[in-house]
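**Q** Chains A and B, in that order, are what the protein sequence lines are. Using this note's numbering, you'd call the opening residue of the first sequence number 1148 and step up by one each time. Using this note's numbering, you'd call the opening residue of the second sequence number 4 and step up by one each time.
Honestly, the hints are just simulated from the structure, not real lab data. Virtual Cβ for every residue (Gly too), placed ideally from N, Cα, C. Wrong hints could be hidden among the right ones.
If you only want the chain A side, here are some residues facing chain B, beta carbon under 10 angstroms, derived [to be verified]:
hint: 1; residue: 1299
hint: 2; residue: 1312
hint: 3; residue: 1373
hint: 4; residue: 1376
hint: 5; residue: 1435
hint: 6; residue: 1481
hint: 7; residue: 1483
hint: 8; residue: 1488
hint: 9; residue: 1491
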Amino acid sequence: MRTTETLESTGPVEPTPPPGGSAAEPTGGHPPSINRYLARHRDATSTGAALLIFVAMVIYGQITYGAILQPSTISNLLINNAHLVILAVGLTFVILTGGIDLSVGAVIAFSSVAGMMLAQAGWNPYLVVLIMVLIGSAIGLVSGCLVEFFDMQPFIATLSMMFLARGLASTLSTVPERLDPDSPIKELAHQWKLIDGDKVNDLVVTPGVVIAAIVVTGGLLAVHRTRFGRTVYAVGGSEPSASLMGLPVRRTKILVYVISGTLAAIGGVVYTARLGSAQNITGIGWELDAIAAVVIGGTLLTGGSGSIVGSVIGAFVLGLMNVLITRDGGIRPEMTTIITGGILFVFVLLQRAIKGRRG
Amino acid sequence: MTTDETTDDIVEVPPVREARSTTGGARAVPSRLLRSQHIWAVAAIVGLLCINVVKDPGYLSITYSSNTGAFVGNLVDIARAAAPLIMIATGMCLVIATGGIDLSVGSMMAVAGAVAMEYLSSANAPSSIGAAAAAIGLAVGLCAVLGAVNGILISVVGLQPFITTLVMMLAGRGLAKVITGGQNTTAVNERYRWIANGYVLGLPVVFLASAAIAVAVAFVIRRSALGMMIESIGINAEASRLAGLNRRALLITVYVVSAFLAGIAGIFSTGTVMTVDVSQTGYQFELDAILAVVIGGTSLAGGRFSLAGAAIGALLIATLDKTVVFLGVPASATPAFKAAVIIVLYVAQSRRVRGWAAGLRRSRRKSVRQVVAT
């Protein structure tokens, strides 16, 4: 019910609140209009909260450490987090259906190690990139089929694909596989100066950032403007209902894993191009970063509610946090994971508070 | 467990029941055995051991060393390696049965190890029992407190188990690093070391201890109504609440038990080397434990659970780890083999494949019957 409500919130007729969920009923001292607004725009509220905290972090950083709102810092934030943004977009699709994909980090390791080795063997670089992306799609497809045809829980299916991809990457190579400096793949990390500031204070953009922007735009269009996107929300809201409505549940659920795997591999291409090398231990724990980004962005792990924009903001919150911790210098490195956990915790509590308000 | 499975089959898989009802009494036993979920995991263990025997015919031999008064052999090594995993898998099994998940157990191991090592290195008592006991008590106690935090956040505040324990996993790993100041603390205490490296009746203390604890937990859970309550929360939390179950207390208990057992596992795994490696101790153990539980036939959706299955799953993973190393495959490639085992086990157990198998059997029997009729 919640899903359809959100989707059709632009309609002129007010949907009647579902029985049992006295969502729009005024509770306590709040005027009913605020409650109704929050109830109907919960996705937007969560995303707004994430945006608010991001802005607060920027302001805090600017006041405390300075030099946050300047072209070079912003460029670095974009360039260093392009791959995380791509991962988070892919994962959003899966989480919106109520699933999860733990294999993204390992997909990056396997596809980029394989790609680097092929590139070293003298393969055509464009073909190499294509193969890297297809490896991701294939792993996603296998995850999806395990979930759909063999009743595996998404957690276990993608966990086994994570193990498989990580193990395969390790059998290929356990040392850093470097990219030839003249390889065209490096062009993906070529820095275009948009604004030439004084000294190194330039606004720089790489093709990797552009790819991330394209992925985000594509993701937004797919989620909000296509039948597939609506099916994703419907499946996450209630799979039996979606099925009874005649929606292609099985196809959609397989497709989201393929999307997630493909985007993970694209993220791997971007990351590898920037770093110039790949190793079997690349991307350990990135699935957790990506899940954290999605959750911070306001997407519920139970599915059916959330947004791509939120995940992008979530990825930048994590990236900005790293910048701030590095800037501070006084924070001991062992504290970083505690801070990451703390921020995640605050966001989850916030979501819970908003959800609690709905009744 | 077998009765549960039978009812499950009756509800969900009519073809299998049909096949069963036409089966005569004598054939019922092997077919029931084949459909028991543990049999596949046990078969996988046997299969792995067979591979090892092919590679080295003396693999299974166990010798008694009169010097140390202990049995020596690969099987003993496997048992020793399985001990921490059995502990974690037992706790994880209960958590999963309530429909939750505990990702923080690996970090709990690091916290327990960090506390124990810091205490022992500052206490400076190389062989005192008191210091060892205090170290263990502190370590396990802190873990239990962290587990209670998990449980309260999940049951009282109403956060999702996945995210709550993910936060605790990040924070716990950080906490372990803060406790040791980012160092890998080393300590000396013979009593503490004995837990991990000592022998009783010729068998490793860790294995006996973990087996005893697992059996004790299983006894308490299965002989009281606790097990049924946990299952009922996992199947339908709202219905359990209406039936008068104290959901909060049960959830907190389950997460405390999980963290407590993870603390014990942390003591087992730091005791072997008397060092805590704050970034590696227990790293990704939660994944192994979840696999062990799932291999043992417990569904991540909650509800029906099998502690024996979890222990068998833990043994399977330990066997797999040892086998891969024994075959000379780089240890970093082990995950691929784990994945292969899980996928094969899962696909073999899946309703689709079982349906095919049942269909095959039925059609064969039908054709026989037709022949007889004509």
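**Q** Confirm or reject each hint.
**A** Hints, verified against the model:
1. 1299: holds (5 angstroms)
2. 1312: holds (8 angstroms)
3. 1373: violated (28 angstroms)
4. 1376: violated (24 angstroms)
5. 1435: holds (7 angstroms)
6. 1481: holds (3 angstroms)
7. 1483: OK, holds: residue 1483 of chain A within 10 angstroms of chain B, min 7 angstroms.
8. 1488: holds (4 angstroms)
9. 1491: Holds - the Cβ of residue 1491 of chain A comes within 10 angstroms of chain B, reaching about 5 angstroms at its closest.
Violated hints, listed in ascending order, are 3 and 4; each of the other numbered hints is respected by the structure.
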